[in-house]
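S.K.: Take a look at the letters that make up each chain.
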Amino acid sequence: MNSSTIGRISALLLRYFFLLRSSWPRLLEIAYWPTVQMIIWGFTSVHFSNSSPELTAGGILISAVLVWDSLFRSHISYTLSFLEEMWSRNLANLFVSPLRPWELILSLATVSMIRTLIGMVPAALLAIPFFGVSVFELGLPLLGFFLNLVFTGWAISQAVTGILLRYGLGAESLTWMLPFLLAPFSCIYYPLETLPGWMQTIAQYLSTTYVFEGMRALILHDEWKPDLLWKAFFLNGIYFILGLGVFCLAFRSARNRGLLLQSGE
Amino acid sequence: MIKPDSLLKVDRLSKRFRSKWAVNELSFSLSPGSIMGLLGGNGAGKTTTLSMLLGLLEPTSGSIRLFGHDFVKNRHAVLHRMNFCSPYVDLPQRLTVRENLRVFARLYGVDNSSARIEELTADFRLLELMDQPIRRLSSGQKTRVSLAKALINQPEFLLLDEPTASLSPDVSQWIRQRLRDYRDQTGASILFASHDMREVELLCDEVVMMSHGRLIEQGSPQDLQDRHQRGSLEEVFLALNEQGGGA
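These protein sequences, in sequence, are chains A and B. Here the numbering used here is used: the first residue of the first sequence is 916, the next is one more, and so on. Here the numbering used here is used: the first residue of the second sequence is 223, the next is one more, and so on.
Hints in this document: simulated from the structure, not taken from any laboratory. All values derive from a computational prediction rather than experimental measurement. C-beta: ideal position from N, C-alpha, C; glycine also.
Some chain A residues near chain B, calculated using beta-carbon distances under 10 angstroms: (1) Arg923; (2) Trp1002; (3) Phe1010; (4) Ser1012; (5) Pro1013; (6) Arg1167.
Go ahead and model the full structure; you've got the sequences and the hints to work with.
M.R.: Here it is as structure tokens:
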């Protein structure tokens, strides 16, 4: 990576920093949703711990909520940063500058990682005094689970931003819908065997399934299964390439149809 | 006509959207240090041409050579040497003028960006606006900021899409003077799309007239008036329309 590339990426990071700085509700919102989610599921967990302790053993529910949210946050942070450019009709300014599309992707991913950490760390820290659950006790595997879900989030984001480029803001709702489409298949709160056969088949092709299966094995049975993590990384590699492919095709199509100048509200 | 020493050479450039040719076999060239007006009515193909010259739109056929590079195949080799301004493209609304200029200075890799921003602040009388978010500015103020952004990297080739659209005559005149000064000081070339014939007449050394995606006339404003024995570019344009070449 040469100095020009770093300069251009840092320019976009500066742009998103200025944006966050200009609006305290945006800054607050980053940490607000993960914390609210954690509190709701925390109390749900407390309630179940009396009637069905096996459901909440080892803080599994709260850990699952926090880890799943890293996918959602990384995706939303990436896509919202891109949407900011569309809402402000600034995409043409970016695409006529020396900025390469892959530098834009790298900038969005970096911003996404920063925003995800700003959102997740306070929620994870608050879970310790509130509910006595520390996801950090998962140790190094937590990093593996977290990175996998962040990669899945970015893969979805690349496809969604490509679709937004091609079809405009009419496709904005996909931003919110797509992660939730994955949720029932991802076995966040229940083991794979709970799903009916056809859903299990789909779930086996999702990296998220292996993350949550691995996390459950570690929390409930104190069993570390690196093979599940590697499977998740492998699948994420495929998703990432597919997401990038969708973005590149959509970018080319938007360039061919003259949509880059018109994108915006 | 394509001149050998041209900074920009457009050769048989065409763009088709489904069955409609938005730009059809357009050829022209731009010399270093000159201001060219791309003139035509609504739907003439000016913005489509400009989009292709910015790399925002892929041509269906034809070639664009810019600074000696094949722009269609390798636009990133020259994008840092050009810039663009259009009232139809905004700057980030929540960022202040200063923040926007800092971001774009970094994006274009401007050396000593603080000094350059100060220079532009003075040139475009932005001092009192520097800490205002873009969304709070008037149209005229936004245009001044967009032009400052367009000159941040001291481009050798500047593309402008109707930069004075919906501005009052005094602000338009002021902007034309800034553009002329910039060209005189730096030797940059400017391509200017407009349907304001008077403006093009006042600012441009050369004019390319377009209608229905085709080039219908080309030359200096005075040449065109002499050739068609008319008193203004507007009259030339209307006469060409009557002859069936125009919109």
